[in-house]
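Colleague: Chains as they are written, first to last, in the numbering used here: chain A, 1 to 202; chain B, 203 to 330.
Worth flagging that the hints you see were computed from the coordinates, not collected in a lab.
Built from N, CA and C at the ideal position, the CB exists for glycine as well.
Which residues of chain B face chain A? A partial, calculated answer using Cβ under 7 Å: (1) Val-243; (2) Arg-244; (3) Tyr-247; (4) Ser-248; (5) Cys-249; (6) Ile-251; (7) Lys-252; (8) Thr-264; (9) His-286; (10) Asn-305; (11) Gly-306.
Label-pair ranges, simulated between beta-carbon atoms: (12) Leu-312/B to Asp-152/A: 48 to 54 Å; (13) Pro-309/B to Pro-151/A: 41 to 47 Å; (14) Gln-250/B to Pro-31/A: 26 to 32 Å; (15) Lys-185/A to Gly-298/B: 15 to 21 Å; (16) Phe-324/B to Asp-105/A: 50 to 56 Å; (17) Ile-323/B to Gly-153/A: 49 to 55 Å; (18) Phe-299/B to Ala-39/A: 23 to 29 Å; (19) Ile-323/B to Pro-151/A: 49 to 55 Å; (20) Ile-251/B to Asp-152/A: 31 to 37 Å; (21) Thr-191/A to His-321/B: 30 to 36 Å; (22) Asn-141/A to Gly-320/B: 42 to 48 Å; (23) Ala-190/A to Ile-323/B: 36 to 42 Å; (24) Lys-185/A to Gly-293/B: 28 to 34 Å; (25) Asp-33/A to Glu-233/B: 30 to 36 Å.
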Amino acid sequence: MNATFNRFATAGLLIVLAACSQSGSSPQAQPDDPAAFVAFMRKAVDYDFTVFETPRALADASSLVVVGRVTDVLPGRTIDGIGTHATLVVAVERVVRGSAEQLSDGKAYVEVVTSAGSTVEQYRSSAPAGRAIFFLDDRTNIPANGTSGAPDGARVFAPIPPGLVFEDGARFVGGYEDLHTMPEKWLLPATFDEFVRSAESG
Amino acid sequence: MPTGPWGRRSIATPTSIDSFEACNQAQTDVEWLDANLPVGVRGQYSCQIKLNADTCNHAHVTLDPAEINIGPLDEEDTSKTACHEAGHSVGLIHGGFTDCMRNGEIPNNLEVWRVYNGHHIFHINQAH
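Using the sequences and the hints, build the whole thing.
Modeller: Take a look at the structure:
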């Protein structure tokens, strides 16, 4: 009898813990250093992408460019041929290119590919507290299965590699791509704010 | 290493990796797909099932013909991106500008953009 009770108690505890981990609550004590998050991004996928000579040229090709902070990471959509995603909830501080009307309650919902080495939980636990600039493609109408986790009516975006760049102390660091592989104008800015200005005005 | 026709051509010829086409997913190291990728993305490699911390057991390579076929050299560009993503599947990273591991459209139809250079072949053979 006691053994049966203990088993149920254990099972109940596990169910409660699992439910808490699925709640999409905000990351606790977000790290200042983006290194772990960047490492998970680079483990998730490797791209072959069109090379834009300058951040401004990439901004011109983007549906939306924003500066903001990742405040949460949610389980995302599955797209045939591409795979499963995590949805980054980005609290937008500034719209660099595009319109604030593309946001939902001041937030942008950005899906990133997950893989065997980069899960929703890993993204969530490593999401940096600092700012990032997101060069985005509007993917709202791409056929997909499941939900992005975004509110009804919110647009869903994907980053255009190498257009996800994090503030990193006094400097900045590329997400999917080491910016040292990019044309030299990508590394001319000295600070994150200068990088943002280069995306804005060339 | 079973692969699709594009990856088979680029991997098998210059390296010591044995490559063949297979329909049995359980035996497939790299599954080749196509999809509408985000703007500017020509190809994507992602590991789906890991064998251990450092080794992928089953991966997906996705090509987006609409993004690849923007310039005049569609056949060569497709071959280049397939070679590029197959290179990721055997551990190559970006860097260097003298073979298929460069990013983006090829500048001309020289074969050098559709194969691995000696440095990359050395690393592939060392690792596998």
